[in-house]
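First to last, the sequence lines map onto chains A and B.
Using this note's numbering, read the first sequence as starting at 1 and increasing by one per residue.
Using this note's numbering, read the second sequence as starting at 1 and increasing by one per residue.
Please keep in mind that the hints were generated in silico from the structure rather than gathered at the bench.
Be a bit skeptical, because a hint or two may be false.
Note that the list lumps identical chains together, so a pair holds whenever it fits in one copy or between two copies.
[What the hints assert, rightly or not] Below, in silico cross-link-like pairs of lysine to any residue (SDA-like), each with a Cα-Cα straight-line distance of 20 Å or less:
| no. | residue 1 | residue 2 |
| --- | --- | --- |
| 1 | K353 | G95 |
| 2 | K353 | R97 |
| 3 | K371 | T283 |
2 protein chains.
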Amino acid sequence: MAKIDSVSPLAPASFPQLVPVDGVRFATAAAGVKYKDRTDVMLALLDPGSVVAGVFTRSSTRAAPVLDCQAKIGVPSDAGAAILVNSGNANAFTGARGTDSVEAITLAVAQAAGVPQERVFTSSTGVIGEPLPHDRITDVLSTLTSNADVNGVAAAAKAIMTTDTFAKGAQAQVDVAGKPVRIVGIAKGSGMIAPDMATMLVYLFTDARIEQTGLQALVSGINERSFNCITVDSDTSTSDTLLAAATGASGVSVDGDRGFAEALEGVMLDLAHQVVRDGEGATKFVEIAVSGAASDAEAKIHAMAIANSPLIKTAIAGEDPNWGRVVMAVGKSGAKADRDRLSIRFGDVEVAKDGWRSESYSEEAAAAHMKQDHISIGVDIGIGTGQATVWTCDLTHGYISINADYRS
Amino acid sequence: MAKIDSVSPLAPASFPQLVPVDGVRFATAAAGVKYKDRTDVMLALLDPGSVVAGVFTRSSTRAAPVLDCQAKIGVPSDAGAAILVNSGNANAFTGARGTDSVEAITLAVAQAAGVPQERVFTSSTGVIGEPLPHDRITDVLSTLTSNADVNGVAAAAKAIMTTDTFAKGAQAQVDVAGKPVRIVGIAKGSGMIAPDMATMLVYLFTDARIEQTGLQALVSGINERSFNCITVDSDTSTSDTLLAAATGASGVSVDGDRGFAEALEGVMLDLAHQVVRDGEGATKFVEIAVSGAASDAEAKIHAMAIANSPLIKTAIAGEDPNWGRVVMAVGKSGAKADRDRLSIRFGDVEVAKDGWRSESYSEEAAAAHMKQDHISIGVDIGIGTGQATVWTCDLTHGYISINADYRS
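Sequences and hints are given; from them, build the entire structure.
Structure, rendered in structure tokens:
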């Protein structure tokens, strides 16, 4: 069966050399929550004055740590803060016992780190429905707090992995009013598809100074164009969490600064694409750009219908320029379309125009594009100005192998 | 690669011995539309006085024959009628040329069969985006009309197949006011998943006497509980068509008769299940029953989220009682749920109750149920009285093999 040990063919050549972000320190430990012989807990300690923003899954069965984070985001405080993440167990669908575990962990972190409990944010990722052995986590807290170091972010990216085949990191530096501001991010997961809802988690750190409400607005907005525009298999985790922390240590205020917003978007998009590149069984990275829809929201509905279609994803796996399936997906999406105005491109190859196969269509040229490992599908609905771009991967035998027997 | 030549392991033991229905005659021919050495056109001739009802795909990119049928359904006429179906080419996304083909075929059928053109209904199923060589069909019309026979329905079920691994037929006889009425149905397809949108097609014939509006109301209503409750992979065809014809030849009026409605529902459900049993790559037939939802409509949203989840379908393929994925699907569905009231059953095994793994849960008992080829998943949302049942199949390597390279 099941677990794939080789690194995704779409992985970046190497993990980036991430620069330290002033005001945040990291530590990791091997607590044995489930995995043996690897780190499975990471702690990030944020200096006093840091603000924290977050975006979370909308699942109605979301996990206890998600509910706890949601309650704490935006509560004003000048104290320090902490983010603790464990892999191996999602503490999801664990009833009152799950809430107790979150309480025990956040209390212990607060004491060990000397921060208020309402400033301790946790995430858990891994198997669902099993009680979290939270003692194993609280047992390593003193080690974590004493080892915390500004250079620990790469180790943190590794500690939060579950079935990821590579650690995911990205960064940016931007000058605001002539002074440098840094943004560093790490992520784990394969979109919504990681087995047993081992989930998508994202942590962003910047030394920028920014109001919490401003940071929240920024990450919520960019999240719609980055993480909410990726899909591996349409299945949504019970634990998806993004936390963004601004320590203010650079002394540079970025409220309303466009350069900072663009740099942050670059980091988030980079991480979102890395999650797709680690999609289970993925062999192709697929960009789907829809234009000419009735609105941006309708364009995204079309794009997601294409990105989630098993028939399209299997055709891409087979390197088959099967544009008829794109017509099908647009038709079923529920968003407005006019069959006779639809145009489709695979890469630079115009496949269909105004509701039929293009006069200039070359099956050979389209097939050549499908052989690449970066596939781009362009669809013009032809009825308006709405547009959206989403990213996904193909659906392969690897996906079946990984998911048909993960728990056993 | 691609085409699977062996019959689905979930196929019925044999095609049923279908009784003739008075007032309808069938003929088939090998027109060479695309396939060689097999029949690919079927004609059903309906006696004067027949009424025809229909249900069609809601795809916004639906094919020319579908649009033509929709325009003709319900137009009153005492004349005879005809249904002509070809396999091998869907005449979908073929622009004005597609409309011309429908016009040419319906005109020729009208002349050959001596019925008005607005009483000729056609369906086309197979490859999308290729012009339909309609001359090959009109060339065999005189053969078809002269061979038409009341006993031809089994041959008709075969002629409409594309990648189906078995022909699908069902029937019922019901006494109304002490007199027998017959219902016979045939179908093709593997739900919404057949490659290149080779589609789901269903034809029902009865000798009952019934108003067209009454027949339409019956099939529209039952369709919601039968064909609209199956899914193989969430992909919706551009050509899905169901036509129901009542010849009235029995002389028995069934308007408002409950026994007739139940018999019709039995035939439609039987055919719907057969379509799932021929789902591409299917090795398990899966029934998903949701209760306790806020409404019946919300129950169906939950049930379809479960039925379409790739993670659940692959777990079933792997015979893994992975109930955490059911929690995930309920959570993402968008319909109302309360995590802490959710209960889940696999077969007779209570897996989860009130938001956590059941006290009595036995992994061995659940795993034993998953080894069967008929899997039943029961979910109680615990917040209302809404219920729905849907049917699907598992997602296997066979599905990937069939769909990753169908056109090539």
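Copy assignment of K353 with G95, given that the CA separation must stay at most 20 Å: Cα proximity of K353 and G95: across copies only (10 Å, versus 53 Å in one copy).
Homo-oligomer pair classification [R97, K353; C-alpha up to 20 Å]: Answer is between: at 14 Å across copies they meet the 20 Å cutoff, but 57 Å inside does not.
Within, between, both or neither, where K371 and T283 count as close if Cα-Cα is 20 Å or less: within (11 Å within a copy, 31 Å between copies)
In summary, the structure agrees with every hint in the numbered list given earlier.
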